[in-house]
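There are 2 protein chains.
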Amino acid sequence: MNGAQAMVGTLADAGVGVWFANPGTSELHLVAALDAEPRARGVLCLFEGVATGAADGYGRMAADPAAVLLHLGPGLGNGLANLHNARRAGTPIVNIIGDHATGHQQYDAPLQSDIAAVAGSVSAWLGRPVSAAEAGKAAAEAVTAARAGGVATLIVPSDVAWSDGGATAAASPAPPPEPVPGGTVDRAAAALTGGEPCVLLIGGDAARRDGLEAAGRIAAATGARVLCETFPARLERGAGVTAVERLAYLGEMAAAQLAGVRHIVLAGARRPVTFFAYPDLPGDLVPDGCQVHDLGADATGALTGLADAIAKEARPAVQVAARPELPSGALTGETAAAVIGALLPEGAIVSDEANTSGLWLPGATAGAPPHDWLSLTGGAIGQGLPVATGAAIACPDRPVVCLEADGSAMYTLSALWTQAREALDVTTVVFNNGAYAILSMETTRVGAVPAPPEEGTITRDMVDLSRPALDFVALASGMGVPASRAHTAEEFAAQFGKALAEPGPHLIEAVVPPLG
Amino acid sequence: MNGAQAMVGTLADAGVGVWFANPGTSELHLVAALDAEPRARGVLCLFEGVATGAADGYGRMAADPAAVLLHLGPGLGNGLANLHNARRAGTPIVNIIGDHATGHQQYDAPLQSDIAAVAGSVSAWLGRPVSAAEAGKAAAEAVTAARAGGVATLIVPSDVAWSDGGATAAASPAPPPEPVPGGTVDRAAAALTGGEPCVLLIGGDAARRDGLEAAGRIAAATGARVLCETFPARLERGAGVTAVERLAYLGEMAAAQLAGVRHIVLAGARRPVTFFAYPDLPGDLVPDGCQVHDLGADATGALTGLADAIAKEARPAVQVAARPELPSGALTGETAAAVIGALLPEGAIVSDEANTSGLWLPGATAGAPPHDWLSLTGGAIGQGLPVATGAAIACPDRPVVCLEADGSAMYTLSALWTQAREALDVTTVVFNNGAYAILSMETTRVGAVPAPPEEGTITRDMVDLSRPALDFVALASGMGVPASRAHTAEEFAAQFGKALAEPGPHLIEAVVPPLG
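Protein sequences, first through last, are from chains A and B.
Residue 209 in the numbering used here is what sits at position 209 of the first sequence, and the numbering runs on without skipping anything.
Residue 304 in the numbering used here is what sits at position 304 of the second sequence, and the numbering runs on without skipping anything.
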């Protein structure tokens with residue numbers, strides 16, 4: 001057994017069988033080892049950012065890692081942005097990067113680079129087996145580390161893969177979450193029952209049904225408000241699920257949501273801060289004099305314990321089933337959201353990178369049948385299509401809906417090809433407003449008002465995607481995904497309904513006005 | 001004057017006016033500053049790898065830096081592979097990455113990451129101004145550092161950009177190249193004139209006309225053979241230029257080229273090594289007992305001095321003008337190369353990422369009118385289209401021909417959109433063979449023969465691009481570039497000639513067999 005076979009077998013033994021891959025020469029023994037392992041599935045991606053984003057989507061839905069296979073430092077670079085998003089999501093991923101053979105690294109061959117330095121920026125764990133004998137053990141450690149919640153990176157020299165002497169190893173269970181410091185839960189309980197304005201800020205695993213229900217019970221018993229972090233990795237929502245409002249992206253609006261709050265209890269969420277810095281505005285969203293209580297890594301467990309202690313008889317307020325009417329007339333972000341809310345199927349997985357066009361989505365879909373909502377955790381655009389791809393591999397029996405902004409779609413568009421190749425049931429909506437609309441908005445907010453003499457020509461150009469217009473129907477067709485274009489709400493409803501009804505991937509270009 | 005204006009003004013004063021940009025919120029004051037600077041031009045790219053590759057193409061042709069504008073760590077990640085190629089090419093680039101405001105970095109906001117760690121892997125120089133007062137000086141230092149030959153990275157917190165107190169600064173001239181250690185040139189001269197088999201291995205700036213002519217004179221006088229590194233950043237060639245054979249990509253063939261050689265004189269090239277490692281094959285291509293003499297950073301100067309000393313009267317063997325006949329019949333890599341050789345216009349800039357489909361290109365184009373050949377310096381695919389884009393911006397009066405493999409094209413395809421937007425005269429040929437053909441070849445070479453029971457299904461899948469087929473005509477049309485498809489040599493000749501004759505970008509999908 002060579003090192004590659006030991007690694008592939010170790011992962012398969014641990015239940016890690018899906019490999020999102022864009023291999024090169026230095027990874028070919030790992031590819032050959034996949035062929036010898038019936039439990040392994042290789043999913044080819046045409047760009048590494050698709051592979052890493054797909055692994056993020058897979059891990060969010062499966063709650064267990066997929067493997068990624070990347071080619072040396074440049075392959076890692078191409079996959080880095082979506083590993084950044086995965087890191088912020090706490091997604092388990094086993095991230096395998098082939099390297100030159102140990103003896104070749106002295107030669108400064110063209111593809112030589114400092115892989116570990118780059119990988120360190122996104123990895124919760126980093127390993128580099130130096131012999132075939134170590135390969136299986138390193139793979140097992142990577143699975144364990146990934147299961148603790150994060151990107152576990154293995155850098156694998158090609159001679160480690162091709163040399164004999166490998167042996168599989170067993171991955172350990174994930175270590176239990178670190179316990180909350182003593183007294184924190186008691187102080188949170190005292191705050192929640194003390195009569196002062198409190199917010200329970202939900203994130204991570206606590207944004208799933210059990211955590212939300214516990215939070216809802218606490219809210220019902222104490223009057224605390226429940227908010228969810230702005231960009232949850234996976235939020236369960238819809239009719240019958242405990243309803244939760246999200247903290248706003250815009251700092252001004254988030255500050256308004258938190259105004260007057262005396263206690264913030266963090267349940268899987270980070271301390272709230274603004275997404276960007278703005279001149280003369282605070283970055284920290286915690287109001288003056290407000291205390292913050294962090295329930296720690298096992299937020300769902302802590303919330304459940306709190307609810308049992310202080311809200312034993314309470315019932316959470318759950319979302320009432322309600323769908324918008326199908327709208328007619330102009331297609332806008334608002335009417336598109338109404339169509340989506342009216343038609344979203346039960347059990348849907350929504351990959352949301354609609355950005356400014358998505359403003360109306362939370363309201364329009366709140367009362368739809370139960371579904372999962374995956375959002376842009378790390379702010380690195382180009383996540384939506386790959387995450388949808390991986391989620392569809394993880395959950396082949398559930399419909400996946402990808403809501404995508406035009407500018408963001410162009411980063412990792414070749415995810416469509418993988419969707420076509422794997423016949424994944426993904427309905428992608430690209431909101432084509434011909435602009436990086438969020439930057440138009442942010443230009444004013446950061447006070448970057450262009451000066452004469454050019455009167456803002458470059459500033460306008462840098463947010464303009466209309467010259468030339470992007471034709472997403474042609475782009476999708478070029479990668480084997482059936483596509484159509486909608487200019488009215490009626491057209492969009494007909495196309496969206498048809499795409500949901502048919503198996504396999506579809507793309508709908510929704511032509512909408514900027515910030516409309 | 002704020003820090004952003006100081007930086008933009010400093011760069012403009014130094015002649016750095018082209019900015020290949022994919023900005024975000026943290027870079028908007030730099031964008032606004034571009035508007036106030038009439039000498040600045042902003043070229044929007046839809047993906048950072050296009051921006052960095054375009055800056056590489058610009059720098060190779062202009063021999064002076066363009067600026068790149070990237071958004072935080074994930075933007076740098078997306079641009080990293082082509083910065084790797086630029087690093088290997090020694091291309092001058094001023095690489096500007098916006099960061100969160102200094103006071104915001106403590107908050108671990110969603111886009112926070114270790115930018116410096118990632119940038120360090122590709123940068124010859126790294127600066128991080130901490131106040132507006134330092135911004136202009138830092139920009140000047142970056143220009144000087146880039147001109148020494150490499151990627152100079154500036155990490156710019158947004159408050160440094162937006163705060164007042166900036167002042168422009170003057171960039172110094174590039175420092176002179178480090179002198180060659182004493183005696184090296186004398187030993188090289190002795191080797192070249194000593195009667196033993198010698199190879200002059202050319203690379204870097206020495207692959208341009210002056211260096212090649214000096215090498216050709218030395219070869220004519222001494223009998224030394226001249227070879228060029230496998231992937232030169234910019235090779236001048238064609239009728240009337242000193243002819244030079246390239247060192248082969250395949251180690252076995254390169255070893256044959258160097259068999260029996262007793263002295264290798266490096267003129268701008270690195271010591272020859274194999275691209276990848278292979279089991280039981282050496283990585284170092286220098287034959288046993290062969291001495292290596294490195295002429296150092298000023299290779300062209302050293303070569304010219306050597307030629308004046310030992311080849312005063314010699315005349316170099318220059319390439320005779322000769323073009324292939326226009327072929328007919330099946331379109332293959334070979335007949336496509338003949339068409340390109342028959343029609344390549346004088347002064348063309350060729351961006352070559354044709355990979356296996358390009359095997360016949362060097363021979364077929366050797367006697368074409370003089371042209372520049374830009375190759376894949378760092379082995380990170382996805383370079384060809386962006387480099388062509390930047391070269392066209394640097395040299396608006398010269399035709400640019402981009403020869404691109406299908407798999408590589410999919411990494412940075414949105415370069416086509418920038419070509420359409422800027423009306424660049426680029427003729428792109430995508431060789432569509434439906435495969436990562438080089439990996440099919442390498443699978444055998446590295447001995448990664450798949451084992452039962454799956455009989456190589458995954459190995460075959462990982463090199464297959466035919467399921468579904470990629471339609472590059474649709475993909476190009478979707479980004480505003482007129483496109484056509486050729487199935488025969490006659491069709492390809494007609495379409496290639498028409499594309500060259502018309503201004504603006506065009507794409508031709510050349511349907512060819514794998515390794516045919």
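Treat the hints with care, as some may be off.
Stated by the list, open to error - If the Cβ cut is set under 8 Å, some of the chain A residues that face chain B in the computed set are: (1) L46; (2) G73; (3) V318; (4) A366; (5) V446.
I should point out that these hints are in silico values taken from the structure, not numbers from a laboratory.
We put the CB at the ideal spot given by N, CA and C, even for glycine.
Hints, one by one, checked against the model:
1. L46: holds (4 Å)
2. G73: Holds. Min distance 7 Å.
3. V318: violated (29 Å)
4. A366: violated (24 Å)
5. V446: With a minimum Cβ separation of about 5 Å from chain B (threshold 8 Å), the hint on A/V446 holds.
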